[in-house]
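The listed protein sequences correspond, in order, to chains F and U. Every letter in the first sequence is one number past the one before it in the numbering used here, and letter 71, counting from 1, is 71. Every letter in the second sequence is one number past the one before it in the numbering used here, and letter 204, counting from 1, is 204.
If you are wondering where the hints come from, they were derived from the structure by calculation, not from laboratory data. There could be a bad hint or two in this list.
Claimed, not checked - Only part of the chain U face toward chain F is listed, based on derived beta-carbon distances under 7 Å:
1. Asp159
2. Asn165
3. Pro273
What the hints assert, rightly or not - Derived pair list, reagent style DSS-like, types lysine-lysine, alpha-carbon separation capped at 30 Å:
4. Lys305/U / Lys96/F
5. Lys261/U / Lys66/F
6. Lys91/U / Lys66/F
7. Lys66/F / Lys56/U
8. Lys353/U / Lys50/F
9. Lys219/U / Lys130/U
10. Lys358/U / Lys50/F
Ideal placement from N, C-alpha and C gives every residue a C-beta, glycine not left out.
Chain by chain, the residues run as shown.
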Amino acid sequence: MKKQLLPVIAFALASVALGTGIALSQSPAVAAETATPTQTDPMQFARGAKAWANNCSRCHNMRDPKELRDDQWRAAMMHMRVRAGLTAAETEDILKFLQGSN
Amino acid sequence: MKTTPRPNLSGALWLLILLSASPVFAQSHADRIDELEAKTLAMAEELAILRAELEKERQAPDSEDMRSIRSESVAARQAAQNAEIAASEWKNSDSVTHLAGYASADYVSPENGNAAFVANFNPMFHFQYKDRILWEAEIEVEIEENGDTSMGLEYSTIDLFLNNNMVLLAGKFLSPVGNFRQNIHPSWINKLPSAPPGFGHDGAAPLAEVGVQLRGGFKIGEQSRMTYAGFIGNGPKLEGEDGEIHGIDTDGFTGDPDDEKVFGGRVSLLPLPKLELAVSGAFGDAAVVENDGVDFEGDPTRDYKVFGVDASYQWNNLDLRGEFIRQDIANEATSIAPEGGVWETWYLQGAYKFADAKWEGVARYTDYTSPHPDKSQEQWALGVNYLLAPSAMLKFAYESNTGLAGESTDDDRWLVQIAYGY
Chain F
1 MKKQLLPVIA FALASVALGT GIALSQSPAV AAETATPTQT DPMQFARGAK AWANNCSRCH
61 NMRDPKELRD DQWRAAMMHM RVRAGLTAAE TEDILKFLQG SN
Chain U
1 MKTTPRPNLS GALWLLILLS ASPVFAQSHA DRIDELEAKT LAMAEELAIL RAELEKERQA
61 PDSEDMRSIR SESVAARQAA QNAEIAASEW KNSDSVTHLA GYASADYVSP ENGNAAFVAN
121 FNPMFHFQYK DRILWEAEIE VEIEENGDTS MGLEYSTIDL FLNNNMVLLA GKFLSPVGNF
181 RQNIHPSWIN KLPSAPPGFG HDGAAPLAEV GVQLRGGFKI GEQSRMTYAG FIGNGPKLEG
241 EDGEIHGIDT DGFTGDPDDE KVFGGRVSLL PLPKLELAVS GAFGDAAVVE NDGVDFEGDP
301 TRDYKVFGVD ASYQWNNLDL RGEFIRQDIA NEATSIAPEG GVWETWYLQG AYKFADAKWE
361 GVARYTDYTS PHPDKSQEQW ALGVNYLLAP SAMLKFAYES NTGLAGESTD DDRWLVQIAY
421 GY
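Put together the whole structure using the sequences plus the hints.
Written out as structure tokens, the structure reads:
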């Protein structure tokens, strides 16, 4: 039993440690982009439109931004970040595009 | 010598002294002082009156108009503040809930057998805390042939967003081996009413896993990117029947009878934004835990491995994708079902939207091979879809199936489905 527990704990700890390490070492641009999403970035809408067009249609038909409210898009995009392997920055860009287009 | 005569100043000084002492000058100065004193007194009285009036005004109650104006002003200011708070709080609250999912209604008409209507729906729940935690779950609700309603937990994970590139999932998740099961199978996404043979229960593709998973993605330069997923889970169970392995049950279990974990994952590369090439797999041990429909204990463990490759490409209205998956169970001489086996399937699918992207034609070829001939199936599926909305499709399809003669896998079928993702 103990030998089975070790790889699971090691996996979880390594994930958290790796995640924390990368979070601390990520570039200032990414850190700023993910940490302060409320800051105005004039290019974010354009980046979001491009990321939306490139990623969403890889699996399903493009959904109209008007289908959901701003708050619903927040949860939907977190779900899609997991599904599509998006980065936090790409997710934030697409979210801003959808919220600005609905 | 010429001398300048000096003016006589002493005379003028005396004259000034005399004038200042005269009664006329003294009288004028006194009058001026009296006049100033009078004015000062008058101003003091006037100031006292004004102060009294001001104090009276302060202590007096507001007039009706003034009170009305003041209360309207306060109410308007409060309403503006409330509106501002209300407008921002549902957008920016720490916690967000979202109900999503999909539903479908089908009509299936096999070559041999009775045509029937089918219905199911899959609600999905998203509960998010800030940008750090997401709990997501999907329940599958189906009506059985006998009228019973079956319900299953497709997945339920707590996702921790560690940083820009990593998410840690814990719970029951869809298997990241391959792409169809984890991303394409929802009815509003799948372009045909049915899953390719081998991607269902007891097939070649693993369905779900219970454990922990780390996944995410990276950008590579301006255009390219990669995604990854790695997991540890309890692994599958084997079902024995008549001394053979009937199938590999990969529904995802909270128990682990063989006491051996399964490790696996998937890595995909997107050299172009809409071209994805992926390889995936898993390895571990499995054991027979059910024999002839009865729970069975003590069967020895044996090697289990799965390997898959998948690819997809989109160009304008064209959508191409394909996938290969193979599951292997090793032989185990001391088992109640000694012989192992290989479950293998692959499919290629092409779809094209036309008529202002309202209509879509689909073709898919699948070849599924099972150790049991009655399960193996080769299939051509052709379909036409009408897009009612971006997330709603009306599908018409025909399947040409080739399987063991007399088995349902050999029956051609007509299928109609309406699917809606919400």
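task = Could you work out which earlier hints the structure fails to respect and list their numbers in ascending sequence?
result = 4, 5, 7
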